[in-house]
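S.K.: Each chain is listed here by its residues.
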Amino acid sequence: MTAMPIPPPPRFRPLRLLNYLVLLLVLGLIISSLAATAPPLDKVWRGVMRLFSPSGLFTQMFPPDFSRIVPISWKLLETLQMAVAGCFLGLILAVPFAILATDRLSPHPVVRLGARAIIALFRTVPDLVWAIIFIIIVGLGPAAGVLAIMVDKIGFAGRFFAEAMEESDPGPQDAMRAIGASKLGMIVSAVFPACLPSFTATSLFALEKSVRGSAALGLVGAGGIGVELKVAFDLFNYDEALAIILMMLALVIAVEQGSGWIRRKLI
Amino acid sequence: MNTPLAHAVEEAGVTALAPVLSVSGLAKSYDGRVILQSLTFALSERQSTALIGANGSGKSTLLKCLVRLTEPTAGRIDMLGQDVRALGPNELRRFRAQVGIVWQRHNLVPRISALSNVVHGVQARMSGPRSWFQALAPATVRAEAMSCLERVGLADRAMTRVDSLSGGQQQRVAIARMLMQRPAFILADEPDASLDPQTGEEVMALLLGLVRQDGLSLLMISHRLEHTLRFSDRILGLTQGRITLDQPTALANVTDLRRFFEHPETP
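Chains as they are written, first to last, in the working numbering: chain A, 1217 to 1483; chain B, 306 to 572.
Derived by calculation from the structure, the hints in this document are not laboratory data. Ideal Cβ placement from N, Cα and C applies to all residues, glycine included. A couple of the hints might just be wrong.
What the hints assert, rightly or not - Label pairs and their computed distance ranges (CB to CB):
id: 1; chain 1: A; residue 1: Pro1386; chain 2: B; residue 2: Asp461; range: 27 to 33 Å
id: 2; chain 1: A; residue 1: Trp1477; chain 2: B; residue 2: Thr445; range: 37 to 43 Å
id: 3; chain 1: B; residue 1: Val559; chain 2: A; residue 2: Pro1223; range: 54 to 60 Å
id: 4; chain 1: B; residue 1: Glu396; chain 2: A; residue 2: Ile1348; range: 50 to 56 Å
id: 5; chain 1: B; residue 1: Gly361; chain 2: A; residue 2: Pro1312; range: 38 to 44 Å
id: 6; chain 1: B; residue 1: Ser469; chain 2: A; residue 2: Pro1312; range: 30 to 36 Å
id: 7; chain 1: A; residue 1: Ile1348; chain 2: B; residue 2: Thr445; range: 52 to 58 Å
Kindly produce the complete structure, drawing on both the sequences and the hints.
M.R.: Structure representation (structure tokens):
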């Protein structure tokens, strides 16, 4: 006698009333958000057509004007320097914040909570807002941009460094503790080497993010290429603005390619 | 010969050496679950003692309690002339420096050289950046680390990354790191567990050599009957957190010992 084949299970699990309610709530949120904020399609279409009209923005942008390539290049270099300096300072300062925010390494739960709160605050406030705050503190110019990038990077790298240390193998740390190593000795000798690949990847992503961010910081007066871009738009020199945008794009792509290469080599 | 604490006290008048380790009424519970129940025993110097018992009998917990990597719930531990439970944080660090631990998983720091890992052992008596990596270490420390590696037969692999060494070689590096501590007492948690029989035997012979030639004291968890018989002077058997066997290895009955290896306990 052959055994009866077992029937396959139903394709979908039956939904409970609560599941239906949650689904309806999510759908309602999406539809109401689209209705309240999404632009009407005909308006978008008319706007796009205007960009390409004889007096439109895109028409005036072409061909890009590279006649001021030398001063723009210097500003681009300043942008890169702001990004590197801000990122470097931010990454260095992110390390102690990350240590204090890590369960196993923090000296006290209250300190851990405090460090996590500061990291979250630094990450949540946009870098443009930090730039405005630092312009008030140190005045217009690249110094405000460097400080804004630094604070933003403490928030970004602090979180990822802490996660990497949290996930590292506790075995070598226990062994160092058992040897009688100091906490600092244990962290530098056992935690950092284990987290090196993760730290490197985070640092390179932070650099890419800094370069992209530093270009925009000039729009609020925090130095770099953004200042040139704002002036070009203000003076309706759209062809020069396109040249600046293309040079920024080249810089960002170069940094991304470079950091990608370093990541592949190191990790 | 090692003796239980009661006998050691009784024979104090005729025994010249005080016990190097004496444990009295040691207990440990986790969340109301009893792991160790009122353990009392004492070990003399320059002896190799095997600690045997089924999985979950409390062997590893006992070892961790001895150096307070796990805090005991009750009882007294006197080791190397110190009341271990009364030590403050700094005294505990100095005490741990005298106790070398060989772990079941070697617990080496990955991504760095064997020599750097061995140099870490010096953190038992030295702190600061010069004890963090071999490249920063003073010449005397590097020379001592090399001689420790030579002792375990790995001087020629000093600059090899530990994670590219075989399991047996990694365990030898861990022993070299432990030697760098200049310990007076060795705790070993199944040092041969992850090794093939031949390599496991070599590692056990190396540890016994430290007892015989260097006069160190060894308390090791053993999970192989043949190693227990060959590499120990005395056997302590744990059953459900209690010492149910305590005798010189020479007098051990193999049939009696088998029950400690063959009958896993349910917690």
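S.K.: Are the hints correct? Go through all of them and say.
M.R.: Hint check results:
A/Pro1386 and B/Asp461 have their C-beta atoms about 31 Å apart, which keeps the hinted 27 to 33 Å range intact. For A/Trp1477 and B/Thr445, the Cβ-Cβ distance of about 41 Å falls inside the hinted range of 37 to 43 Å, so the restraint holds. Range check, B/Val559 to A/Pro1223: Cβ separation about 57 Å, and the 54 to 60 Å hint holds. At about 53 Å, the beta-carbon gap between B/Glu396 and A/Ile1348 stays in the expected band of 50 to 56 Å.
Between B/Gly361 and A/Pro1312 the C-beta distance comes to about 41 Å, which sits within the given range of 38 to 44 Å. Against the hinted window of 30 to 36 Å, the Cβ-Cβ separation of B/Ser469 and A/Pro1312 comes to about 32 Å, which satisfies the hint. Checking the proposed 52 to 58 Å range against A/Ile1348 and B/Thr445 shows it holds: the Cβ atoms sit about 56 Å from each other.
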